[in-house]
Amino acid sequence: MNYYTEPVAKSPRIPKLIDDLYRELPEIEADRAVLITESYKETEGMPVITRRAKAFEKILDNIPIVIRPGELLLGSTTKKPRGCQVFPEFSFEWLEPEFDTIATRTADPFYIADDTKKTLHEVYKYWKGKTTSELAASYMAPEAKKAQEHNMFTAGNYFYNGVGHVTVKYWEVLEIGYSGIRKKAEDELASCNPGDADYAKKSHFLNAVITSCNAVIRYANRYADLAQNEAEKCGDPTRKAELLQMVKNCRRVPEFGATSFYEACQSFWFVQMLLQVESSGHSISPGRFDQYMYPYYKKDLDEGKITREFAQELIDNIWVKLNDLNKVRDAASAEGFAGYGLFQNLIVGGQDGEGRDVTNDLSFMCLEASMQVPLPQPSLSIRVWNGTPTDLMLKAAELTRTGIGLPAYYNDEVIIPALVNRGLTLKEAREYNIIGCVEPQTPGKTEGWHDAAFFNMCRVLELVFSNGMDKGEQIGLKTGDVTQMKTFEEFYDAYKAQMEYMISLLVNVDNAIDVAHAERCPLPFESCMLDDCIKHGKSTQEGGAVYNFTGPQGFGIANVADSLSAVRKLVFEDKTVTMAELKEALDNNFGRGIPVDRAEEVTKNVVKTMMGMGKTVSEEQVAQIFVTALSGSVSEAQKKRYDEILALIEEVPKYGNDIEEVDLFARDVAYTYTKPLEKYKNPRGGIFQAGLYPVSANVPLGKQTGATPDGRLANTPVADGVGPMSGRDVNGPTATANSVARLDHFIASNGTLFNQKFHPSALKGRQGLLNFTSLIRTFFDKKGMHMQFNVVSRETLLDAQQHPEKYKTLVVRVAGYSALFTTLSRALQDDIINRTEQNGL
Amino acid sequence: MEENREYWKTQGRIFDIQRYSIHDGPGIRTIVFLKGCYLRCRWCCNPESQEFKVQTMTVGGKTKIMGRDVTVEEVMEEVDKDELYYRRSGGGMTLSGGECLFQPDFSAALLRAAKERGYHTAIESTGCAPYEEIQKLLPYLDLYLMDIKHMNSDKHKQFTGQPNDRILENARRIAKDAKELIIRVPVIPTFNNTKEEIRAIAEFAASLPNVKQLHLLPYHRLGQDKYAGLGRTYTLSAIEPMTDAYMQGLLDTALQSGLHCQIGG
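Protein sequences appear in the order of chains B and Y. Positions 1 to 841 (my numbering) are the ones given, in order, by the first sequence. Positions 842 to 1106 (my numbering) are the ones given, in order, by the second sequence.
Everything labelled a hint here was simulated from the structure, so no lab data went into it. Warning: the hint list may mix true and false statements.
Incomplete in silico selection of chain B near chain Y, CB under 7 Å [unchecked claim]:
id: 1; residue: Asn657
id: 2; residue: Asp658
id: 3; residue: Asn731
id: 4; residue: Gly732
id: 5; residue: Pro733
id: 6; residue: Ser774
id: 7; residue: Thr778
As the structure is a computational prediction, the values presented were derived from the model and not from experiment. For each residue, glycine too, the CB sits at the ideal point set by N, CA and C.
Bound-form chain Y, shown alone (with noise of 0.2 Å):
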């Protein structure tokens, strides 16, 4: 059978694809780094991720381009690189960002030529986008780690850029329409690492059709350095990652929610 594949020539803008990912979706998994994001989110690890316009960014003494524009084709070649360690652990690609839902017609086309292939698909996203694009994936794709920061609007607004509407209501059509998926809470301090924050997170997701999992995703500096080689200033730096023990007080909180529950992805 002829496949058509005219779809693989499709283009976007990505930044990064990272090999032997074993934290975001099952098994052993490529990662596929988008250009540009809605949000703005402060403790952001890949600022370079959120303007969808080409930068440079200067990385130990070295200046880098960020983002190239590929084809659908072009960013297979890197991901069947690994395609056995695939098969053998269950494993695939994973879209992430930036926020793929930014290019949803190349974001479309990537998970369904993954999907054509046999690997396992998941997106990492907020979901903050109109419903008929994030509808253009749902087809191919097989988990959504999908991002719920806040449930106040104005707070999420203040450390995000955006409100938080749009994607609690995109949340419960997800929810319904798609295969898996899995509610992510990147933990903040000063932002929403209470109990109250976190409980309120974890009960909205308790009340979504088909959702088993929360993941807590700790806070952590690592992406602190790229603020300054983007010539921008971070503006968390005055906090410290939680410890172990706090984190474990969260998680408790969070699994009085029924829900499956685990620190990390």
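Excised from the complex, chain B in its bound form (with noise of 0.2 Å):
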């Protein structure tokens, strides 16, 4: 055995680092803003990568720096912690309306204080009109645009941010530090002939990437006096003799290569913040950690020159800096992706390029450091195939047992074959790692644009019963009269038109972003540090990656899947339905009236459609439309009627209950999405691949989704992940995960992601983790992709909701990341509580 697996006590240190970290509301800053502002002011008119590296220099140059009490690794983007700063190169616009309202909103509320808002205003001024999310929206084809103001899809994570969604080669970095990445653009500048077509972007390229190199160097030793200044005016000497060790950490890395494990943490450190001053861009992912670190753990180790103890310690050390970085979002944003989450993601065990299972010391101590310090942060993932040690599952299940959410499990044993089937050679297919939530990747080499947008299945099945319309406009396909249709047949096919037609103008929005953000905002430093930036002279943004993908998640298979079950079954099989009577109650809601801002919405729909045909409508006449969207004005007959529908629905078998002929159904209706999309190409030069998960925005865009035929009522969440639809599974944990490995796993390669909720009592004893574990190996035996928990009972989540104050830092499992209980919004609090508990029996 090569590695240890008895963890180390933690440091008192740690708990501190915690408590301090958690003291206050996260504050919104405007120094980045103010500083980016002026470069932009100093640099118009020249190439826009130099223009880049220009304001990353000058941000690195001047933003306040600090070091939190008591930190041993130093690098912070904020002078308060948890705070954020904003990047008006991308999009501004947003802010400022919710300026009064940030403070207090449910999903990741942020502090702005006044003066920040003045500053921010005044910056603000030069940004209209220069912005990638401005850029982008004029590139889309107006019948796309209208399509995501419709909700069909929403692409709105990179319309309003950078992109991030990277694993750069956080291990050359370790090694050459950024005086070899220079060394090796000035090496490629220096080959280049002047006479070169490309010679004039090729060469701008490169001297922004010097540039970025040389202002990171900088920055390191702004840290390096900053520390020295404070170790000579410290009066504790032990504080004192840590803040000198730091000054010569930050006067070596990250400009030379680390030549001890704690170099390389403060190394690790400086990529994995400064990509996050460069671009908002989040999914920024540490990946294979264990890894790419554990070489100079070993060596300090067989030198005795550290011991587990620190080393456990450092290792803690950034797990409490990865939830210092934080980042503000839109207040529709914010609930798609509750939580404060910035999906760092950081994974451990595995194989090597040669299939060898390479899980060491530092995998387990990463396990161990979510247990010292159980923040959302990092998402913690584990690889798992059959060389993986049992010692491992153990470990990674005790972690889970705790209820954080942590880790998430995967699957070598699709993730591998699902890659080489994307162009990837076997090796670099092996060595893959997750970005963000649960999207698979070959590190520091691959552009991914992962998480490129939700795409709601729901909805466009709504644009069959309605013929295309949506709120008075014909946003779909005309795929004709759904009371008319004469087959099952027919109705999906006219399903599978919908959809054909609505993924090429998600596409379209998606190639528009794109494009933009190759035009306005390259970004030098991170393409300095993926394959093959240096060798094309080209940023990742403009394609100069190895691998370009784009990656945009489809969702609400199970309740399409089960209404399109309900569909044929009631309609066209034992006909006890007709389609106008099912129109008519998805109409209605099945008469279960809708809320109030639902039928504001109804009620200006319908009068924009009447006075689109030329009526005059009367303030009475708007008042009784209102009244009677309201009401869902349905007679006590209809009402009945519908009733009998949703029982009639409720007795159709449903997806999540180890049906096979049900099962399989919803496999094919998932190939509804993840087939067409593959056929189209983004302007990077690589293919869409489809992933099928929401995030949590299973939420928010349920509440813009009506009345489905599987008996979902109008507005409420649709089904989490690839997971059935919740409460709708009832035979068991075993059940529902045959249910889900029937899906197509490897087509859907920008990751699926299945949500299980267990009570503690099933993970009790090391009997109920190797029972867990089983579990697990079983659905990746079954071929699933991914798998993650909530080990908390309902009670206590019920208790948190109630008291939230007891519950500041209860951490659980919202979609592919984890996140403070306490800081969702309540109705994704509600769901999960909602989802099906397995308590085993």
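Two chains, two frames, a set of hints: combine them into the complex.
In structure tokens form, the structure reads like this:
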């Protein structure tokens, strides 16, 4: 055995660092916005890549720097813990209108000082017409823009923010430092002939890389100066020695290669945090930390230069700092990514390029770190294959049992072939890591655009019933009057046609945003750590990476599959419900009425439609329409019939209960999204690949979705991940897992997400842990891709809703990530509570 | 080799199959609940299991039919769905009830079918049946989870409707003949939850050859609503479940027998 499994004790330093982190509401800071604006004003007219590098340089030379009390690693992006900078070059319009509500909103509130508001107000004047989002909007086809406005899909993430979603070559920085990377750029530049066709762009890109490397080196030295200064003033000899050690570290790294584990940790940290200063993209994922850090750890341990205790303390410190980084999103996006998530995915275990298991000490210590620092970041993951040691599985299960929702489990046996199918070599595929929530890729050479959009498959189903109309406008195709359809095949074909069309619009929107990022926000710093940007002389945004993908996520499979099953059985096979009746029941939300805000929206749309038809609408008429909308205005006889229809729907077998026929149909339904997407290309020279998961957007996007034929009421959440609709899986976790495994996970190479919720009693004792790991391994034998768990009792969650003050650091699994439960919106909290809980009998 | 599957056609009566059981035998298991029992334990959490005849029970306002006749083949179709989970976890199939000895030929056929697939097999049983019936099951059985509820035959009869003589007698023989026997005690306030009563059971269990484990199963009220659903009265409604600390005290007493003892299955 080449690893220790025994944990070491937690350093008393760690709880103090955590307490400091959560003392106050996180704050928005304006320093970066001010500096980048000044820089952009100075560089008007220069090539964009040069402007980006100069802005990065200006920020790093001038942004205030602080050392948090007691920390062992330096580098913070904000003065206050968990603060955030803003990034006006991507978008800014959304923030100013939210100035007065952002501190009190339910999802991810932020404090913003009046001074900051004033400063940002001034800064924003410059950016009108200059952002990536404005350019992207101008590139979109009108019908695609409209489909997005109608919530068929949303690409808001990259529309408003940087892309992120990348794992750079951390190992290269550890090995040769930024002076080494700078040299690579210089050598490449020296080898260019000024007569080359691409010389203009290439030389500017390489110079931008050199500028960025120098800026980072100076930034680390600013920290060394600050630590030196603090050390001189420090009265505590222990802390003074720590500060002086950090001075040494920051003088060496990241300029040069690391010579110790401690230096490697510091170097890693600069890479991780500075990527999040250059751009606002989230899901900057450390990837296989236990692999690239191991040589430094092993060498120090063998030479007696480090204890396991101190190594653990450093790792714990990194964990704390990963939670110190933060990002402010617009109110709507905050609901979709609730919990201040940055999705910095760090993965342990798995195979090397030659297919050997590479579990080591650090794999265990990373799992231990999440026990000692029980916070949402990093999004800790574990790779599982047939060769994964039981020891590691048990350690992971122990962490799962704490209820923190970590780690997420990934199946090598599915992901490796899935990536090979996308053109990676076997070696590259074996070296995969996970980005963000659940997205696999090979590190250091992929620009995966992994969270490209959410695509609501239920909304597309609505279009079949409305002949492509939505809120009085033609959004989808005219697939015909649904009540005249003669066979189920005709109905299903109409759905497929609407899907194909809507997917083409989604692609249009994504590609428009993609082009905008390339033109307005290429990232020289990120690019210098990704193959083959230096060689090609091109940023990742312009297609410089070896592998380029775009991965938008479809969600609502369970609802669409159950809906189509219900239509097939009730309307076409048993003929117990006519299509006209079903359509009417859906339009009237099965007689269950609708919430006020939705009724207002319906009223507006009805009025708009009437006016569009040339009618005049009086105020009384408007009021009447509103009352009708609110009450559902259905007769008792209608209500009775709707109840009968709901009862009939309930009897139709549902996805998630290990019924082969039903599950294989769900597999086919998933293909209506995954297959058409494969044929599209992105502007970076890569292809589209589907993911199947909604992050936490199944709740807010469910709110925009009408009633569906599976009996789901309007404006309620749709199914989460690839799992069954909550509460409909009644045969226990193995049955649910068998159903989910019947989907084709190989084709969903941008990731699938399967949540299960267990009562803590199911993981009791060593036997409980063994049974639990057997469940995971079996799901993986059956070719499921991903599994994650909440192990917290319903009572605890209900109590936390009642008494949030007692549960400030209760971490739960949301979607592809964990978050503080009390920071989530009420609706999302309810959704988590309502997921089917598996007890084990 | 062509296996003779004539016995797959054996019929029996069950009222439920539950998957992902992790407390009734090793690993991940599927439990088949058989209809009919020799005893009428007052605390029984599956009162719908006691009568062999098919019954109706009201659950959450809906009337459900309890009991259906199935073949071994039909049961195995359901049990096989979790085959890989058994293989990964060392689990398998458990027969519960009711009392599987109430339908010995059907039970033997079920166990045989599971065993021929290589699953671990277990039964939860009171052992209250002619020994010849028990012998039919033993060749296909890996683990016998046997209830010993009380050492005093009168009290046993008062709370279960049957004296305990045959049960104790069978326990001695099963201990010799079965591959593995674990003794389980449903711990019921007002019936058997004094230290003396638990000690007596533990000492008896320790006296059985080859028996190494004793499980104390604390009383719970999860079955209470089913009595009303069957139009019956729950006679133990006055008693409260015991605290963890109290159960711990009984566990300490049981441990004095020298057996490996635990709370829960």
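For this session: Report holds or violated for the interface hint on Ser774(B), using the least CB-CB distance to chain Y and a cut-off of 7 Å.
Result: Result: holds, 3 Å to nearest chain Y Cβ.
Exercise. Once the shortest beta carbon distance from Thr778(B) to chain Y is found, is it less than 7 Å?
Worked result: holds (5 Å)
Problem set entry | Restraint outcome when Asp658(B) is required to lie within 7 Å of chain Y by C-beta distance | holds (6 Å)
For this session: Go through the hint on Gly732(B) and say holds or violated, using the shortest Cβ distance to chain Y against 7 Å.
Result: holds (4 Å)
Exercise. Should the interface hint for Asn731(B) be scored as holding, given a Cβ-Cβ cut-off of 7 Å against chain Y?
Worked result: holds (6 Å)
For this session: Go through the hint on Asn657(B) and say holds or violated, using the shortest Cβ distance to chain Y against 7 Å.
Result: Given a least distance of 10 Å, the restraint on Asn657(B) is violated.
Exercise. Per the CB criterion, is Pro733(B) less than 7 Å away from chain Y?
Worked result: holds (5 Å)
The structure does not agree with numbered hint 1 stated previously, though it agrees with all others.
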